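Using the sequences and the hints given, assemble the complete structure.
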Amino acid sequence: MADSSPLKTPLFDWHEANGGRMVDFAGWLMPVQYTSIVEEHQKVRNGVGLFDVSHMGRLAFDGPKALPWINTVATNDAAKLEPGKIQYSLLANDLGGLIDDILVYRLDKGYYVVCNASNRDRVVAQFAEHQEGFKATLADKTLETAMIAVQGPSAAATLQPLVNVPLDGLKYYHVVAGRVSGEVEALISRTGYTGEDGFELIVPGPEALKVWLALLDSGSAFGVAPIGLGARDTLRFEAAMPLYGHELSDSIDPFAAGVGWAVKLDKGDFVGAEALKQQQQNPGSKRIGLKLDGKRIARQGATVTSDDRTLGTVTSGTFAPTLQQSLAMALIDPEFAKPGTKVVVDVRGKAEPAEVVPLPFYKRPKV
Amino acid sequence: MDPKNLRYAPTHEWIDVEGDTAVVGLSKFAVDQLTDLLTIDLPKVGDRLTAGKSFGEVESVKSVNDLYAPVSGEVVEVNQAVVDDVQVLSEDPYAKGWLVKIKVDDPADAGKLLDHAAYETKIAEDEH
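Chains as they are written, first to last, in the numbering used here: chain A, 1 to 367; chain B, 1 to 128.
Since the hints were made in silico from the structure, they are not lab data. Quick caveat, the model's predicted, so the values are computed rather than measured. Using N, Cα and C, we set each Cβ at its ideal position, and we do this for glycine too. Be aware that a few hints might be false.
Taking beta-carbon pairs under 8 Å as the criterion, some of the chain B residues facing chain A (in silico) [what the hints assert, rightly or not]:
no., residue
1, 35
2, 38
3, 59
4, 61
5, 65
6, 66
7, 122
Chain A residues, not near chain B, derived (Cβ > 10 Å throughout) [claimed, not checked]:
no., residue
8, 25
9, 166
10, 178
11, 301
Now the in silico label distances, taken between C-beta atoms and shown as ranges [to be verified]:
no., chain 1, residue 1, chain 2, residue 2, range
12, B, 87, A, 281, 31 to 37 Å
13, A, 13, B, 122, 35 to 41 Å
14, A, 217, B, 107, 55 to 61 Å
So this is what it looks like as structure tokens:
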């Protein structure tokens, strides 16, 4: 990036004025928390929370060859997408290393790709590098739009009064174009990254504050609160959602990470297909959950062992606020991946006993 | 303990010296910055602290942070209440939440640390 000063979302001033502790995150000034991570975490599990996720990359694809272009660059089969559907997909390089994990939205006209803030430049570059022969355009909408996530059991009740589409009719991993807060045009999707029911709104940047305030007002009956990136991480962790830079990277293969289902080797050629085929046939490790006996946290990079044999390393670890337990995700030798297996984690020089447990750690109760 | 009468290390530990013994704690600012504390590791009675060196660590949901000795000395008492329940530190960092008592090598050392006004200036700068 030519300019290294951090970017600000259209809600930056609101965050600062309302106690948001701002940190530089992937080149953006984002709120890590407003009150306490644990408190914000519980708000989302028990009611509803609002997340400013405007830092995530939003790329609009258009043109007659947008589909084959996306399908050549991404690993999942975008041809399977009906209009109004969203698909989890991955971008790999020629060696099968992951550039990012993305969501592909099929709209009535064209496609939208939502990618991680930290990888936006790499994702745009990867599409540009493989554009030859595809008559289509990619427009980076990140800076002119905002993205707000509404998550929690009361998310639908909070959002419904503000939108002109019936949310009952919007299924999980679907998107619809509608209006919010009167006349604000919005892409309304239902995906979520917290393990709860939830929606995302993509709106024009200048309208973001109006929508944000309307959501705070509408959700007040359910205890709505703004939620920072800190709780976003503990929530996604409990739900065992992989995070790029932790469970996914250019040196972790998608089969080990547990997202091999998003690699469709039978769909025709795509970037990295050859290398990914090799990886699938030679599983090196497996992503597992760990429950630690003590309260100390096994952070990323901590070594997992059994009888002094190194099994692998921790990718994320935290104290899980809902489960009140020190938990970790790790990539380890598949031989030791069975739940109930006892292992040892080196937490900053001290051996901490742990047990392999099933993922996800948290599943929302069925209503 | 009145925070105004304490001395502070730039790493946010406070110290209150009386004669040749001192109480060491962590400032409210640091505690607020950490939020959601989980555990704390403190040294044992008889352990030596060296000014500027780590003597323990406090872990929050977000991160692990070293505690640094504001001055050198020998640990004569450890606040077991804080080790048992780190919330004591969160709630009352200047009284019930003290960390260790030490016998200081040189009582004059604390005078080289920041006074309350200088510490306030420092944290105001850190915020921006």
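Going through the hints against the structure:
1. Given hint, residue 35 (chain B) at the interface with chain A, holds; its Cβ is 5 Å from that chain's nearest Cβ, closer than 8 Å.
2. At its closest, the beta carbon of residue 38 (chain B) sits 5 Å from a beta carbon of chain A; the interface hint therefore holds under the 8 Å criterion.
3. With its C-beta approaching chain A no nearer than about 6 Å, residue 59 (chain B) sits inside the 8 Å limit, and its interface hint holds.
4. Among the interface hints, the one on residue 61 (chain B) holds; its C-beta lies about 5 Å from the nearest C-beta in chain A, closer than the 8 Å criterion.
5. The beta carbon of residue 65 (chain B) comes no nearer than 12 Å to any beta carbon in chain A, farther than 8 Å, and the hint placing it at the interface is violated.
6. With its C-beta approaching chain A no nearer than about 10 Å, residue 66 (chain B) sits outside the 8 Å limit, and its interface hint is violated.
7. Annotation: residue 122 (chain B) was flagged as interfacial toward chain A, and the flag is violated, the nearest CB pair being 18 Å apart, outside 8 Å.
8. Every Cβ of chain B is farther than 10 Å from the Cβ of residue 25 (chain A); the closest lies at roughly 13 Å, confirming the non-interface assignment.
9. No Cβ of chain B comes within 10 Å of the Cβ of residue 166 (chain A); the nearest lies about 38 Å off, and the non-interface call holds.
10. Residue 178 (chain A), annotated as away from the interface, keeps every beta carbon of chain B farther than 10 Å; the closest lies near 36 Å.
11. At roughly 12 Å, the least C-beta separation between residue 301 (chain A) and chain B is larger than 10 Å, which holds for a residue marked as non-interface.
12. Separated by about 51 Å at the C-beta atoms, residue 87 (chain B) and residue 281 (chain A) break the suggested range of 31 to 37 Å.
13. For residue 13 (chain A) and residue 122 (chain B), the hinted distance range of 35 to 41 Å is not satisfied, since their beta carbons lie about 27 Å from each other.
14. Distance hint for residue 217 (chain A) and residue 107 (chain B): a CB-CB separation of about 58 Å, consistent with the stated range 55 to 61 Å.
Checked against the numbered hints above, the structure violates hints 5, 6, 7, 12, 13; every other hint is satisfied.
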